[in-house]
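**Q** Sequence:
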Amino acid sequence: MCPHCWQEISMLLDSAYSQTYVEDCEVCCNPIELQVGFADGELTSFEAREIGQ
1 MCPHCWQEIS
11 MLLDSAYSQT
21 YVEDCEVCCN
31 PIELQVGFAD
41 GELTSFEARE
51 IGQ
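According to full-length UniProt numbering, the sequence shown holds residues 1 to 53 in order.
Read the hints as simulated data drawn from the structure, not as lab findings. If you're wondering where the values come from, they're calculated on a predicted model, not measured in any experiment. Treat the hints with caution; some may be incorrect.
[As the list claims (entries may be wrong)] FRET-style restraints, in silico, Cβ to Cβ:
1. E50 / L13: 17 to 23 angstroms
2. G52 / A16: 29 to 35 angstroms
3. T44 / E8: 19 to 25 angstroms
4. D40 / L12: 16 to 22 angstroms
5. S10 / T44: 30 to 36 angstroms
6. Q7 / G41: 25 to 31 angstroms
7. C5 / D40: 17 to 23 angstroms
8. W6 / G41: 27 to 33 angstroms
In this text, a Cβ means the ideal position worked out from N, Cα and C, and glycines have one as well.
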């Protein structure tokens, strides 16, 4: 869910390792900072934060 417009969005995640990256919302085009954590190929944590412009 986008922290800017609160719409549900979809994205592909690379489960090879934990990472932090920025992706634009496919609905409102605002940037979102994503932090994802994986252990043994399983998603262990996910956080989406609003980035101020």
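**Q** So does G52 sit 29 to 35 angstroms from A16, Cβ to Cβ?
**A** holds, 30 angstroms
**Q** Measuring from beta carbon to beta carbon, are E50 and L13 in 17 to 23 angstroms?
**A** holds, 19 angstroms
**Q** Do the beta carbons of W6 and G41 sit within 27 to 33 angstroms of each other?
**A** holds, 30 angstroms
**Q** Between T44 and E8, does the beta-carbon spacing fit 19 to 25 angstroms?
**A** Once the Cβ atoms are compared, 22 angstroms apart, the range 19 to 25 angstroms for E8 and T44 holds.
**Q** Regarding S10 and T44, is the given constraint of 30 to 36 angstroms on their beta-carbon distance met?
**A** For S10 and T44 the Cβ distance comes to about 20 angstroms; the hint is violated.
**Q** Kindly confirm whether 25 to 31 angstroms is satisfied by the beta carbon distance between Q7 and G41.
**A** holds, 28 angstroms
**Q** Could you check the hint for me, namely that D40 and L12 are 16 to 22 angstroms apart, CB to CB?
**A** holds, 19 angstroms
**Q** Range hint 17 to 23 angstroms: satisfied by the CB atoms of C5 and D40?
**A** violated, 34 angstroms
The structure shown violates the earlier hints numbered 5, 7.
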